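Chain residues, written in single-letter form:
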Amino acid sequence: MTDRTGTMLYLDGVSVAFDGFKALNKLSIIVYPAEMLAIIGPNGAGKTTMMDIITGKTRPDDGEVFFDGRTDLTRLDEAAIANLGIGRKFQKPTVFESQTVWDNLEMALRKPRGIFATLFYTASDTDTARITEILDTVRLLGRKDHLAADLSHGQKQWLEIGMLLAQDPKLLLVDEPVAGMTDSETVETAKLLKEIAKTRSVVVVEHDMSFVRDLGSRVTCLAEGSVLAEGSLDQVSANPVVIERYLGR
Amino acid sequence: MLTQALFRALDKKAIWLVAILIAVAVLVPASNLLLPNGHPLRLPNYAVPLFGKYLTFAMLALALDLVWGYCGILSLGHGAFFAIGGYAMGMYLMRQIGNRGVYANPILPDFMVFLNWKELPWYWYGFDNFWFAMLMVMLVPALLAFVFGFLAFRSRVTGVYLSIITQAMTYALLLAFFRNDMGFGGNNGLTDFKEILGAPISADTTRAALFAASAIALALAILVCSMVVNSKLGKVMIAVRDAESRTRFLGYRVEYVKLFAFVVSAVIAGIAGALYVPQVGIINPGEFEPSNSIEVVIWTAVGGRGTIIGPIIGAILVNVGKSYFTGAFPEFWLFALGALFVVTTLFLPKGIVGLIGQYRSLTTRREQHDRSAPAAPSPAEVESSADPQPKPAE
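Just so you know, the sequences run in chain order A and B. In terms of full-length UniProt numbering, the first sequence has 181 at position 181, counting the first letter as 1, and numbering is strictly consecutive. In terms of full-length UniProt numbering, the second sequence has 46 at position 46, counting the first letter as 1, and numbering is strictly consecutive.
Hint data in this document are derived by calculation from the structure and do not stem from the laboratory. These figures come from a predicted structure and were not determined experimentally. Just so you know, even glycine gets a beta-carbon here, dropped at the ideal spot from N, CA and C. Some hints here could point you the wrong way.
Unchecked claim - The following label-pair restraints were derived from C-beta to C-beta distances:
#: 1; chain 1: A; residue 1: Lys144; chain 2: B; residue 2: Trp16; range: 21 to 29 angstroms
#: 2; chain 1: B; residue 1: Ala328; chain 2: A; residue 2: Gln91; range: 37 to 45 angstroms
#: 3; chain 1: A; residue 1: Ser152; chain 2: B; residue 2: Thr363; range: 22 to 30 angstroms
#: 4; chain 1: A; residue 1: Phe18; chain 2: B; residue 2: Phe130; range: 54 to 62 angstroms
#: 5; chain 1: B; residue 1: Leu220; chain 2: A; residue 2: Thr128; range: 30 to 38 angstroms
#: 6; chain 1: A; residue 1: Thr122; chain 2: B; residue 2: Leu135; range: 56 to 64 angstroms
#: 7; chain 1: A; residue 1: Ala129; chain 2: B; residue 2: Thr363; range: 35 to 43 angstroms
#: 8; chain 1: B; residue 1: Val26; chain 2: A; residue 2: Gln91; range: 57 to 65 angstroms
#: 9; chain 1: B; residue 1: Pro106; chain 2: A; residue 2: Ala123; range: 29 to 37 angstroms
To be verified - Only pairs whose alpha carbons sit at most 27 angstroms apart, straight line, appear in this in silico DSSO-like list of lysine-lysine:
#: 10; chain 1: B; residue 1: Lys13; chain 2: A; residue 2: Lys144
#: 11; chain 1: A; residue 1: Lys26; chain 2: A; residue 2: Lys111
#: 12; chain 1: B; residue 1: Lys194; chain 2: A; residue 2: Lys144
#: 13; chain 1: A; residue 1: Lys92; chain 2: A; residue 2: Lys191
#: 14; chain 1: A; residue 1: Lys194; chain 2: A; residue 2: Lys170
#: 15; chain 1: A; residue 1: Lys22; chain 2: A; residue 2: Lys111
Claimed, not checked - With the C-beta cut set under 7 angstroms, the calculated list includes, among others, these residues of chain A facing chain B:
#: 16; residue: Asn83
#: 17; residue: Ser98
#: 18; residue: Met107
#: 19; residue: Leu119
With these hints in hand, go ahead and build the complete structure from the sequences.
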């Protein structure tokens, strides 16, 4: 396949089966630096499994997964992959509910992750300023001392995006970021992700077609664990196979 | 760096607790030693080691709370670290007996002479030195916790499975220490101690000093624990407890976070055990009994896990209750203990400390309500705020 140098994320021929069910079947995807890729596809197409493989939660049975053109992700665990600069937002917003919004961001903030570095960590002025800036971006400044559990569903989504920003990753994997958001929040999220994609690579999995249209990025449609169609949203949604298998007749 | 961390640990509650413990460390021995016999405020002689024992139990419960309440590791074998600390202290005390034993052997403890052993096993070397023994009190539990934790956490053994293997660990140690060949006195354990640091072990002054040492050790353990839980690492520990895999995706090595908490906790438990042994005068394999470790879980749950003060209150209250009930209605105690755990799990998921917190928020809410509207709060409202947040019992 294509040369993997110069890519941010490189998946080639990745397959994985769970109890004989092929969740991914020779999936090949490439994401370049500072590029956004939207992934659409029906339920069970393997979108979340793909993210699990990239972040080290699941090991592929076959195929190559490379980050930044050289690091083999199939040999690393979750923490090592996160520290390389891959951040993930989960489908179901997963924040630390019993802790404050501020503490959630402080833990996510890119800092040495060692035990003793964490034990003796004291927030510097730059750290405080950075967290405040992120809080402002995700509109949670007024709720910084509230428990994450008290946030609305949409706000939790934003907090998790804020945690992604705090991690300062090179590649962001964002799973259904606008589920449970109002229309105006959805528009804002699209703006924010487009802003982020100017400097980083972003992979967005989403069902909301108008949101994907707002993103205006390259689109890949997955079905049954492999790529069905690629191109702009118009090209993909005009593809007869995509219409048949995903968009509906 | 360290001073900053220490400063952070000294929040209001920790300062209060430490101050109270220092006051207790002074007042209890003073009341026993200085006041004349028959004075109404004089603590009887038997009470000093008894209260000292409660303090070591409180320390053990605090140690368990660090891993269970803050890091989500339900250890059902924490008594093992306590017992190992106790054995290390017991070995020192045995070596202090010298030729005053029944067989008057200057080197070998009585049980070894009885077993016809000719020389001291290598692992008894050095225990005639107090400081070496104190080092072992911390080092051996730490080492066991490190090896056990490393293997368990790296293999991602969690939840019930982890609880079961901690239980198996303490049970295996129980069986091992029962064997005479182990060289730890078998069934009878280590006892008949004469003196500690040259002071007769059952003298009132020694017991008062041991009590004070227990109170101060507990105060230090509180400082260490609050330093850990108030740090960013403490926040990460709570994150591991609440959403372990999410913490991994943030780039934290969850297994090391757990290992750190487990080792610190084992050291605290070991020190508690070392202070327990000279106050009760014996250490035997019974301390490894799985039921002992489960009792520690009950103290912690009753007091309120995930708080610093909760396990201390729980350990002291339950043990005062145990002392009373086992004296007054001996057959009744185990039923009371069982009922206590059932009631706590069902109605007080956050323990006594949680109950106080709920009562407080209830009264402040009522005050606010009274201020805004003079009418009494509707029953529905009171009920909803009094309703404890149901959490799945672990």
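These are the hints, each one checked on the structure:
no., hint, result
1, Lys144(A) to Trp16(B): 21 to 29 angstroms, "holds (28 angstroms)"
2, Ala328(B) to Gln91(A): 37 to 45 angstroms, "violated (58 angstroms)"
3, Ser152(A) to Thr363(B): 22 to 30 angstroms, "holds (29 angstroms)"
4, Phe18(A) to Phe130(B): 54 to 62 angstroms, "holds (59 angstroms)"
5, Leu220(B) to Thr128(A): 30 to 38 angstroms, "holds (31 angstroms)"
6, Thr122(A) to Leu135(B): 56 to 64 angstroms, "violated (31 angstroms)"
7, Ala129(A) to Thr363(B): 35 to 43 angstroms, "holds (39 angstroms)"
8, Val26(B) to Gln91(A): 57 to 65 angstroms, "holds (58 angstroms)"
9, Pro106(B) to Ala123(A): 29 to 37 angstroms, "violated (59 angstroms)"
10, Lys13(B) to Lys144(A), "holds (24 angstroms)"
11, Lys26(A) to Lys111(A), "violated (36 angstroms)"
12, Lys194(B) to Lys144(A), "violated (60 angstroms)"
13, Lys92(A) to Lys191(A), "holds (21 angstroms)"
14, Lys194(A) to Lys170(A), "holds (14 angstroms)"
15, Lys22(A) to Lys111(A), "violated (38 angstroms)"
16, Asn83, "holds (4 angstroms)"
17, Ser98, "holds (6 angstroms)"
18, Met107, "holds (6 angstroms)"
19, Leu119, "holds (4 angstroms)"
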